[in-house]
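*Asks:* Line order of the protein sequences matches chains H and B. Using the numbering used here, you'd call the opening residue of the first sequence number 1 and step up by one each time. Using the numbering used here, you'd call the opening residue of the second sequence number 1 and step up by one each time.
None of these hints come from the bench; they were simulated from the model. There's no promise every hint is true.
[As the list claims (entries may be wrong)] In the BS3-like style, the derived pairs of lysine-lysine whose C-alpha atoms are separated by at most 25 Å in a straight line are:
| # | chain 1 | residue 1 | chain 2 | residue 2 |
| --- | --- | --- | --- | --- |
| 1 | B | K41 | B | K111 |
| 2 | B | K172 | B | K182 |
| 3 | B | K442 | H | K280 |
| 4 | B | K41 | B | K116 |
| 5 | H | K280 | B | K116 |
| 6 | H | K124 | H | K39 |
| 7 | B | K187 | B | K111 |
| 8 | H | K274 | B | K182 |
| 9 | H | K274 | B | K442 |
| 10 | B | K196 | B | K182 |
| 11 | H | K274 | B | K445 |
| 12 | B | K445 | H | K280 |
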Amino acid sequence: MTFLTSNVALLILTIIFGFVAYTLAHQRIRSHVARDGVKAHSLVKYYGVYAALWTLVPASVLALVWAFAADPLLINAAEARLRLAYPSLPPSFLELKAAQLQNIAAGFIDAPDEIMAAEAAALKESMNRVDLARVLTLLTVMMIGFLFAFLRITPQLKARVAFEGFLRRSFFAAAVLAILTTIGIISSLLFEAYRFFSEISMIDFFFGTHWSPMVSLREGTETAADEAVAGSSGSFGMVPVMLGTLLVALIAMLVAVPVGLFSAIYTADFAPRKVRNVIKPALEVLAGIPTVVYGYFAALTAAPFFRDAGMLVGLDVSSQSALAAGGVMGIMIIPFISSLSDDVISAVPQSLRDGALGLGSTRAETMLRVVLPSAFPGLVGAFLLAFSRAVGETMIVVMAAGVAANLTINPLESVTTVTVQIVMLLTGDNEFDSVKTLSAFALGITLFVVTLVLNIAALHVSRKLGQRYE
Amino acid sequence: MNDHHEIVSSSAGVAGLYNAPTSVRMAHIAAGLKKRRAASKRLRIYGIAAICTAIGFLCILLTTIISNGYTALQQTEIAVTIDVPADEIVDANGVIDVDKSRNYNWDGLVKRSFRKAFPEVTGMLEQRSLGELLSANAGYDLRLQIEAAGTVPTGAVTYWVKSSDDVDMLMKGRMDRSIDEKKRRIKDNQLVWFDKIVAEGSVRLAFNSTFFTAADSREPESAGVLGAIVGSAMALVITVMLALPLAVMAAVYLEYFAPPGRLTDFIEVNVNNLAAVPSIVFGLLGLAVFLGFFGMPRSAPLVGGMVLALMTLPTIIIATRASIRAVPTSIRDAALGLGASPMQTALDHVLPLAAPGILTGTIIGIAQALGETAPLIMIGMVAFIVDVPTSFTDPATALPVQIFIWSDSAERAFYERASLAIMALLLFLISMNMTAVLLRRKFEKKW
């Protein structure tokens, strides 16, 4: 019984159904054509595909919906019964009990008492029943879909047109997924951020200079006094966090822009082809290294190095200094900047170079006074994109930057960033809707907007280059 | 252009030279030439210096990781002569009874046997710190060894059991003996015992197979990457299954079927913008929508794969569109001219020719997804998981997340394991990128 209702069996059944539908439709159209002596509108295979699609697609959609809807419904019902069985338990315990119940029903653990055992048995029973119902429903839907398509199959049916229409619509759906993802990002971030801003005022959040979400909330003991402390101390002021983010990103740019730009200048206009063919892949390797590796390097090599170097010259460098995180982040975005700048520089029309060289300027003069000024908008665009990337970078700062939000622009001190705070706030056992976790979404939407503005600005600025020479 | 004029006038320097005799003008130009050539040379040198810096960073990074990590390929083992009491763990037929074996105090046995080599160590505290030279899992390892063998040898036999991670670090020279005892994880008396067993030859470095066959553990010597690799593989399977078809469909739509208009423009803007959204934002999306709204399981490779799929989708769409566009229109025109429908043209004629490019783009996208950490942390794949996951909804972790967890922990021995895991990760990435490059070389067509 359990095998029959399992997903594997269902999958096998579905495949067999689809195949059978294809074959039967195939036979039907052939016999029709032979009997009536007319030519079918489409190739015969399209009739098979037509029937198979009608058999499988509605059932698959239903199965997907079922997968999301059925279990939560059952568990909700079980939770309601538990609430009756344990009237005195607070809601959070009930949730725990419900989770326990699922584990008991699945046979992972033993029931602690009889009520739980009985409830688990009931839950298991209803789950089994629902599983059976699912299989039967899906099979029925497949049958109906198949019969619907099968009966319509005649040589006049435009099976190919129908199939292509279906494909075109699914292609459209896939393309719209990009919009849906954006909407999903914005709406989910906005929704949680809205809940956050209903408790903390926007002014406090965007202009407050004190950030310490961990202290401000003591779960479970939220007395009026605590609330007052949390509110009045302005613990959710993101200015220091934003400042830290910008500081780290700026240090990264200070490392990456000169190195990246000069390598791009060299590879684009100076390097012999052979050298270029070696350098470009090497920089691509640098670009392909995952950020967690840079984070490891920043935390375990660069940070101690800067601290020790600081000690040698009598400077007090934090072991989580912005300098180490920003410096390593700079290394990370060197290839980004160099490859974008290389593209921009190479896109400057050759005629400009030829003109300058022909008038007797040296290659350096051509580069500095003709090519770079022409490429300037594109370069600014590239730098903005790189800056946006540095702002959104997570792993390096999570591993190498600090947690405490210091309001400072001293690169030797420890600062925190938006991404670090998001990770801090959302890892560990947090309640999903405490102000603390909600603040992560407020930071998230801020980050999203900042990077979006940077990206759009980059696009806008660099478009000018194209307009100038096309 | 103004720029040109500037060059001429500035390199000529003094105004009025235009009217001077040719010889004077030539002399003036020749005088400036040396300087200008030097400036040109300087710019070239700056460029070379910049590239050397970038490649130098790459070298430092790689050598740091390799020199930190290669030692994790070996694990220190200590020889302990153990007389396993057969009657405690076998049943009446002389076969090992798993229940009895499970309940037997293997830890005590190993530590007692180890102490026999040190009759001079008597005090409770001293005996305990002697036992700390061995791995906390030494008993468990011995049990597995015996159970795997199936029989209990009679009499005392020498077993190699894993040392603790601190001894391992000491053995590999990664622990400084000279620092103050209070700051050292290995105490003075333990050093004496260690030196004694080293002198006896009962310490060795053996291949660390555990690293490749185990999942995470609290003890560095019992921790491995297999669980993380399996978790990553599962997530990537989901990513490919979702992202590849969806991206190809979207790309074909945008290239061939999208009617010019606002909606199409909006889709394009979205695709391009999503490619530049920070990865952690995708993690937030997964957390809020997949976990919060749809109630999908936390820490599961299924959800991780879905988030990574959304993230890599734009990359693959952009690559696919580029390779579709690279197929010459003559192919398309020929198919349409012979009566194929637009859909048949796209699916039967253009896509097969664009396939190598699509594949290359997909591999690059997947390589990106493999190295991605932040979104996986957001959806809880950062948990401490000691079992290798067996299904897509099991709690699991991923290779880059495992590196993060290990780099973040207190034990020195985890750092070298993190380095070795990085090497494994880079190996996977390099081989994926190499495949992409080779595919491109093999199938690249110039039309």
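*Asks:* Evaluate each hint against the coordinates.
*Replies:* Hint check:
no., hint, verdict
1, B:K41 <-> B:K111, "70 Å, violated"
2, B:K172 <-> B:K182, "21 Å, holds"
3, B:K442 <-> H:K280, "20 Å, holds"
4, B:K41 <-> B:K116, "74 Å, violated"
5, H:K280 <-> B:K116, "62 Å, violated"
6, H:K124 <-> H:K39, "55 Å, violated"
7, B:K187 <-> B:K111, "18 Å, holds"
8, H:K274 <-> B:K182, "57 Å, violated"
9, H:K274 <-> B:K442, "21 Å, holds"
10, B:K196 <-> B:K182, "22 Å, holds"
11, H:K274 <-> B:K445, "22 Å, holds"
12, B:K445 <-> H:K280, "22 Å, holds"
Of the numbered hints stated above, those contradicted by the structure are hints 1, 4, 5, 6, 8, listed in ascending order.
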